[in-house]
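There are 4 protein chains.
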Amino acid sequence: MTPVFLRATADIEVAFHECDPMGVVWHGNYLRYFEAARNVLFRGVNYDFQDMKECGHVWPVVDCQLRFSYPARYGMKLVCSAELIEWENRVKVRYELRDPKGLRLCKGTTVQVAVDAASGEMLFVSPQSFRDRLLPHIKQGL
Amino acid sequence: MTPVFLRATADIEVAFHECDPMGVVWHGNYLRYFEAARNVLFRGVNYDFQDMKECGHVWPVVDCQLRFSYPARYGMKLVCSAELIEWENRVKVRYELRDPKGLRLCKGTTVQVAVDAASGEMLFVSPQSFRDRLLPHIKQGL
Amino acid sequence: MTPVFLRATADIEVAFHECDPMGVVWHGNYLRYFEAARNVLFRGVNYDFQDMKECGHVWPVVDCQLRFSYPARYGMKLVCSAELIEWENRVKVRYELRDPKGLRLCKGTTVQVAVDAASGEMLFVSPQSFRDRLLPHIKQGL
Amino acid sequence: MTPVFLRATADIEVAFHECDPMGVVWHGNYLRYFEAARNVLFRGVNYDFQDMKECGHVWPVVDCQLRFSYPARYGMKLVCSAELIEWENRVKVRYELRDPKGLRLCKGTTVQVAVDAASGEMLFVSPQSFRDRLLPHIKQGL
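So the protein lines, in turn, are chains A, B, C and D.
Residue numbers 1 to 142, in our numbering, belong to the letters of the first sequence in order.
Residue numbers 1 to 142, in our numbering, belong to the letters of the second sequence in order.
Residue numbers 1 to 142, in our numbering, belong to the letters of the third sequence in order.
Residue numbers 1 to 142, in our numbering, belong to the letters of the fourth sequence in order.
Careful: at least some of the hints might be erroneous.
The list cannot tell twin chains apart, which means a pair is met if one copy fits it or any two copies do.
What the hints assert, rightly or not - Straight line, CA to CA, 30 Å or less: simulated DSS-like cross-link-like pairs of lysine-lysine:
hint, residue 1, residue 2
1, Lys53, Lys92
2, Lys77, Lys92
3, Lys77, Lys101
4, Lys53, Lys107
5, Lys53, Lys101
6, Lys92, Lys107
7, Lys77, Lys53
8, Lys77, Lys107
No lab work stands behind these hints, which were simulated from the structure alone.
Could you put the whole structure together from the sequences, leaning on the hints where they help?
What follows is the structure in structure tokens.
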């Protein structure tokens, strides 16, 4: 079973401009919801985009996977969860988007790697500045 | 080796509004480029969004996968290829986004299933109207 | 002085994907915030997108104006107000986007006209179904 | 009559993801087409986003106006023109989006001001680096 080191959720309300001529959220826009939940997750350990930059790193997404079960439509109020499932060498986050009854509309994952902002070089282990912020928050017994 | 039944490409020029504060294309926006190439592919067999609707079907994306190797930046002129690799029960398309020197920036896949527009029900085999349009165009010897 | 018939606000949190390589919200994305506030306004009189459709009308935007004073950046928590300032022949809404200290970042207007969904014809007066929903809510003494 | 100092056009093909549940381009997305044409205009005088930055300036949009006459729909091939109509103290560009028969779907303007990238201060006259690039290209007899 995949360990979950940290978890956060974001409330989502589907916007009109996110929907396409089929009347449903355009598939690429679900990554906006994943991002909203991921940002709550990282803000929770004081490692938001601005913090990353101050520490000298950016964390581009290098892999995304999405699977859709039911369409989201304009006006729906949803909850997107983000769970940190890898952090030592790269950051992997798992997402679920659910409606108020708990029905899962979409799930997915993203993988990010740390890049040194000055040199542009990819790091093969997560930088110390990230570990220092993350470790006090992750679940005991790992 | 995966069979390729049909292939198309779209010329892409990276727009400023597609780029994020890291100065690169926001990861969800690569799905716009995949869509551009996929639409060329389907237009080539006269089965564009409008044709699907006239045939009584919509084809929502139910699965997306993206892997990023190098970032795309504002102003880059790229080529996105789309290859049809499944069509009998569902439509699976494989993509590659390359720069003018042939360097691959991103690759991925999407899976779509046919849905009856009137009933909202998913079809487990591709509808005859799609087969009739597709088969004359797909490569011999399959 | 322009009369204000109805007023609503939406809480906005600036998303990362809404920001451009200058590190600020891309100018076209402020219309997303205006839309969020406008939708709260119309939902308040039970005349949201779905209601309009059931009444046989759509309300395309035919004119937008935006003026920017200060840039919005990723993570900012803002409030967007929407004020109905015309409704008899067309709908005109006025917007202001403010930060928590009340500083106005952006203001603007949109104009919408009613279109008969079946015929595609523009209406030169607001339809009765809209008036019936709106009038009980608008401020006295008009 | 407004003088036109410079003119450029961009070919636009309406993307599926730019259209909303009314089946037409979402109103805020027309600013993407304006931007495409404006970028051709500025690239023509070697003053694209990257050049601006190298000269130490950014040029945020401080005012947008759009007026819509006919809706653009998925798949339409359009032409967007951009005309430079002010440049001395601020940059004002006028746009028209037309279909292949010349029917105007949308028109508008944007105003940009130069900002010193280092200090963040707005300039009240266009910087010399911009004038040096622009002047050789603008129409005679001004």
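* Any hints this thing doesn't respect? Which numbers, in order? -> Of the numbered hints given earlier, the structure breaks none, since each of them holds.
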